[in-house]
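K.L.:
Protein chains in written order, with the working numbering: chain A, 35 to 403; chain B, 137 to 470.
Hints should not be assumed to be uniformly reliable.
Stated by the list, open to error - Just a sample of chain B residues kept apart from chain A, beta carbon distances all over 10 Å, derived: (1) T176; (2) V190; (3) P260; (4) L327; (5) A340; (6) A347; (7) L351; (8) G352; (9) V390; (10) L394; (11) G410; (12) V411; (13) L415; (14) L433; (15) A455.
To be verified - Here are the simulated distance ranges between beta carbons: (16) S287/B <-> T248/A: 30 to 36 Å; (17) M177/B <-> E291/A: 37 to 43 Å; (18) K47/A <-> Y228/B: 54 to 60 Å; (19) T230/A <-> P289/B: 45 to 51 Å; (20) T230/A <-> A237/B: 49 to 55 Å; (21) G281/B <-> V45/A: 40 to 46 Å; (22) K295/A <-> A237/B: 39 to 45 Å; (23) V453/B <-> L145/A: 45 to 51 Å; (24) F443/B <-> L65/A: 49 to 55 Å; (25) S234/B <-> T230/A: 36 to 42 Å; (26) N298/A <-> P442/B: 57 to 63 Å; (27) K295/A <-> L323/B: 36 to 42 Å; (28) G130/A <-> L161/B: 36 to 42 Å; (29) T248/A <-> P442/B: 53 to 59 Å.
To be verified - From the structure, some residues in chain B lie toward chain A, with a derived Cβ separation under 8 Å: (30) N226; (31) K283; (32) D290; (33) T294; (34) R331; (35) N333; (36) R336; (37) Q337; (38) Y339; (39) D346; (40) H354.
Keep in mind the hints are simulated off the structure, nothing from the lab.
This one's a predicted model, so the numbers in the text were calculated from it and none came from an experiment.
Using N, Cα and C, we set each Cβ at its ideal position, and we do this for glycine too.
Next come the chains, spelled out residue by residue.
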Amino acid sequence: MAKVGIELDPVTKVSELSIAGRQLVAICRALAADAKLLIMDEPTASLTRHEVNALIKLVSDLKRSGICVVFVSHRLDEVLEIAERVTVLRDGAKVGTFAAATIDGRKLSHLMTGKAFEYQIQAPDLAPGAVVLEVQGLGRDGDYDDVSFQLRAGEVVGLTGLLGSGRTELALSLFGMNPPDRGSIALDGRRIALNTNAEAIHRGIAYVSEDRLTLGLILDQSISANVTLTVLERLAGAFGLIGARARQSHVARWVAELGIKVSNPDNPVKTLSGGNQQRVVLAKWMATNPRVLILDSPTVGVDIGAKDGIYEIIRRLAREGVAVLMISDEIPEVLFHSHRVLVMREGRLTTDVTAADTSEDALRQAVNA
Amino acid sequence: MPESRFAPFGRFRRSHEFWLLIVILALCASLGVANAQFLTMQNLFDLLTSYAFVGILALGLLVVLIAGGIDISFTATASVAQYVTLSVANAYGANWISVFAIAIGVGGVLGALNAMLIQKLRIPSIIVSVATLNIFYGLLIFFTGGKYIYSLPDWFATGIFWLEFEWGKDTSYGANLQILALAVSFLVTWLLLNRTNIGRQIYAMGDNADAAQRLGFHIFGLNMLVYCYMGVMAGIASLVQAQLAQSVAPTVLVGKELDVVAAVVLGGASLMGGVGTVLGTFLGLALLAILQNGIILLGVSSYWSPFFVGLVILISVSATARSQRKRRTPSARP
């Protein structure tokens, strides 16, 4: 552990470590076997930017000590930062190998998807409506304090901050799973108390969890089962029994609406790609007709081509008048796909600014300051 | 989707249930050839009647397993339920409706107790149910002194015989209490699991309790319902058994748990939760019954019966696990 420069108490249970810590333990174990070649498959998929930086530093140390590293990732900036040579695979075939110095992110994403992507602020279609959700002086001991902001109909608000900044805890409070100690939450101007998430769902608040695999989906069950879970009551017909036909037409409607690529809706949801899995999660919550949609890291583990599809769905929801709160670690994501950006640091809301009035650097500074 | 009309059969052909069906048909054919008494209406009705007790309990256990828990206290629950119910019936008089109401009530209360202990103490369900099995049984033996009840109300001892029909010469068959109760239990459990809101929630909870909670499901309520359902099934099964045995014996039911577990596991339910079907449980029960019956009809010592049951469980469950592993293609990754 000294060799890789990490400090962890050796008797701590791995389950008590943060995801970053677990990642480090896995790396130590690989190195303890005197590895000459280290293959890392998406090591940063669940890490925050801060933790990624530490990992990148670790990888460069490993490089210097003569260990060969294969770094599999779809986060292009990391790949460019860490690698000497980049090999791009697409649909199972090798597109080519390039020296990292000769390419940039745009070219790389073009090579990966065959499409060119425009990076720009998506504010133009903003027509903010009435305030849907208003939070006043919200606080919860140990999590966050003195948080106030508004969400308007048709608005996408990005929320970023380091892990532990209180952003997920705040979002869970809005979803009734982490009741606040102080302050108020108002929906459509009326103060509400949310003690369980069943209440929140009933009032039209939906929450797409940060961890699709363990919290968002029932992986072994069918796509149909997953899509219908939030609306079982509505599908019930005579005697409270669910009709097979109502179920099928509901599933078919959402599969078509979100363009989910499925060969058969009765297949387990785990057979889908990350992007399609996330669409299933979105379909599940959109079917509840939410007023407020909270998205926690909606594009983690989704490849770059599919990410765009997810953003398109988010924009469409906003156009339909849903208030969207999008939490993400990725600063470009919140900057380019939100109308307004909030930054949390150490439990406080430190920044609340329109996306057009800020920049990547300014936000990065606000997050890490 | 042009192929979708045929897809359900394709899926069924790969399922655990399909293979069970094949094995059962093969077993029936060979037993039918080996012993003329096997494929008779008489034997079919005998089997349904004598396996109704195990079958009804298996349905209760199926629901618990799908919900991600386990309960093995049901034999003790059944013992308590039948003793209480028929003692009351003997002392105060009763009819069919009231005996079932009492047995279901007793079973439900004991099931609720299991659910409370599992959720309030946050102890694994297997441990809670081992404890409550002994507690229920211990109290029953203490208060009854292990005494049998031999005299049952006349109407109860006579039983039910509906839908009578003639088959062959001079023999008539019909639905007795055991067969009726088994059929109703299957129907209700199938509706609960496949056609209700609650059933879908139970499957989801059993597979991924955290995700189910995120969906706003009432986890406590669902567990309560599941263990109560098990208790209710134990209550119903206990009357079915008492009527068949024509007596109430506090000591004979405990120890039969593993037959029930065997039927459910043979039927493809997973001890990990989230997986299992009513059809599978029916086939698992059928396989168990045919196997044990066949061994007797073939004149093999019935001491061999547990051996073969164990062997079949091993083969059946590992075959399913293998075919599933083979089918699992690496999941598409971003």
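K.L.:
Now, for every hint given, state plainly whether the structure supports it.
P.N.:
Cross-check of the supplied hints:
Look at T176/B: its CB is around 37 Å from the nearest CB on chain A, clear of 10 Å, so calling it non-interface holds up. For V190/B, the non-interface assignment is confirmed: its Cβ lies about 28 Å from the closest Cβ of chain A, beyond the 10 Å cut-off. Every CB of chain A lies more than 10 Å from the CB of P260/B, the least distance being 17 Å, so the non-interface label holds. The claim that L327/B is not at the interface with chain A is violated, since a C-beta of that chain comes within 10 Å of its own (minimum 7 Å).
For A340/B, the condition that its CB be more than 10 Å from all CB atoms of chain A is violated, with the nearest at approximately 5 Å. For A347/B, the condition that its CB be more than 10 Å from all CB atoms of chain A is violated, with the nearest at approximately 5 Å. Listed as a non-interface residue, L351/B fails to keep its Cβ farther than 10 Å from every Cβ of chain A; the least gap is roughly 6 Å. Some Cβ of chain A comes within 10 Å of the Cβ of G352/B; the nearest lies about 4 Å off, and the non-interface call is violated.
Every C-beta of chain A lies more than 10 Å from that of V390/B, the closest at about 34 Å, which supports listing it as non-interface. Listed as a non-interface residue, L394/B keeps its Cβ farther than 10 Å from every Cβ of chain A; the least gap is roughly 27 Å. Not every CB of chain A is more than 10 Å from the CB of G410/B (nearest about 6 Å), against its label as outside the interface. In this structure V411/B is not separated from chain A by more than 10 Å, as the shortest Cβ-Cβ distance comes to only about 7 Å.
L415/B, annotated as away from the interface, keeps every beta carbon of chain A farther than 10 Å; the closest lies near 16 Å. The beta carbon of L433/B is kept farther than 10 Å from every beta carbon of chain A, the shortest such distance being approximately 40 Å. Every beta carbon of chain A lies more than 10 Å from that of A455/B, the smallest distance being close to 19 Å; the non-interface claim holds. For S287/B and T248/A, the Cβ-Cβ distance of about 58 Å falls outside the hinted range of 30 to 36 Å, so the restraint is violated.
Range check, M177/B to E291/A: about 54 Å between beta-carbon atoms, so the 37 to 43 Å window is missed. Taking the beta carbon of each, K47/A and Y228/B are about 58 Å apart, inside 54 to 60 Å as hinted. Between T230/A and P289/B the Cβ separation comes to about 48 Å, which falls inside the hinted range of 45 to 51 Å. Our hint of 49 to 55 Å for T230/A and A237/B is violated, since their Cβ atoms are close to 34 Å apart.
The hinted range of 40 to 46 Å is not satisfied by G281/B and V45/A, whose Cβ atoms lie roughly 54 Å apart. Checked against the given bound of 39 to 45 Å, the beta carbons of K295/A and A237/B, roughly 53 Å apart, lie outside it. Between V453/B and L145/A, the C-beta spacing of about 47 Å keeps the proposed range 45 to 51 Å intact. Look at F443/B against L65/A: about 50 Å separates their beta carbons, and that is inside 49 to 55 Å.
Taken as a hint, the range 36 to 42 Å holds for the pair S234/B and T230/A, whose Cβ atoms sit roughly 39 Å apart. The beta-carbon spacing between N298/A and P442/B, approximately 41 Å, falls outside the hinted interval of 57 to 63 Å. K295/A and L323/B have their C-beta atoms about 38 Å apart, which keeps the hinted 36 to 42 Å range intact. Distance hint for G130/A and L161/B: a CB-CB separation of about 57 Å, inconsistent with the stated range 36 to 42 Å.
For the pair T248/A and P442/B, the beta carbons lie near 40 Å from each other, so the given range of 53 to 59 Å is not met. With 8 Å as the threshold, the beta carbon of N226/B stays out of range of chain A, its nearest partner Cβ sitting at about 37 Å, so the hint is violated. Annotation: interface hint on K283/B violated; nearest CB of chain A at approximately 44 Å, more than 8 Å. Because the smallest distance between the Cβ of D290/B and any Cβ of chain A comes to about 37 Å, over 8 Å, the interface hint for this residue is violated.
A cut of 8 Å between beta carbons decides the hint on T294/B: the least distance to chain A is about 34 Å, and the hint is violated. A least Cβ separation of about 4 Å between R331/B and chain A falls short of the 8 Å threshold, and the interface hint therefore holds. Annotation: interface hint on N333/B holds; nearest CB of chain A at approximately 4 Å, less than 8 Å. Proximity of R336/B to chain A holds as hinted, the smallest CB-CB distance being about 5 Å (cut-off 8 Å).
A hinted interface residue such as Q337/B counts as satisfied when its beta carbon comes closer than 8 Å to some beta carbon of chain A; here the least separation is about 7 Å, so the hint holds. With a cut of 8 Å, the hint placing Y339/B at the interface with chain A holds, because the nearest CB-to-CB distance is about 7 Å. The interface hint given for D346/B holds, since its Cβ lies 5 Å from the closest Cβ of chain A, which is under the 8 Å cut-off. Satisfaction of the interface hint for H354/B is found here, the shortest Cβ-Cβ separation to chain A being roughly 7 Å, below the 8 Å cut-off.
Violated hints, in rising order: 4, 5, 6, 7, 8, 11, 12, 16, 17, 20, 21, 22, 26, 28, 29, 30, 31, 32, 33; the structure is consistent with all others.
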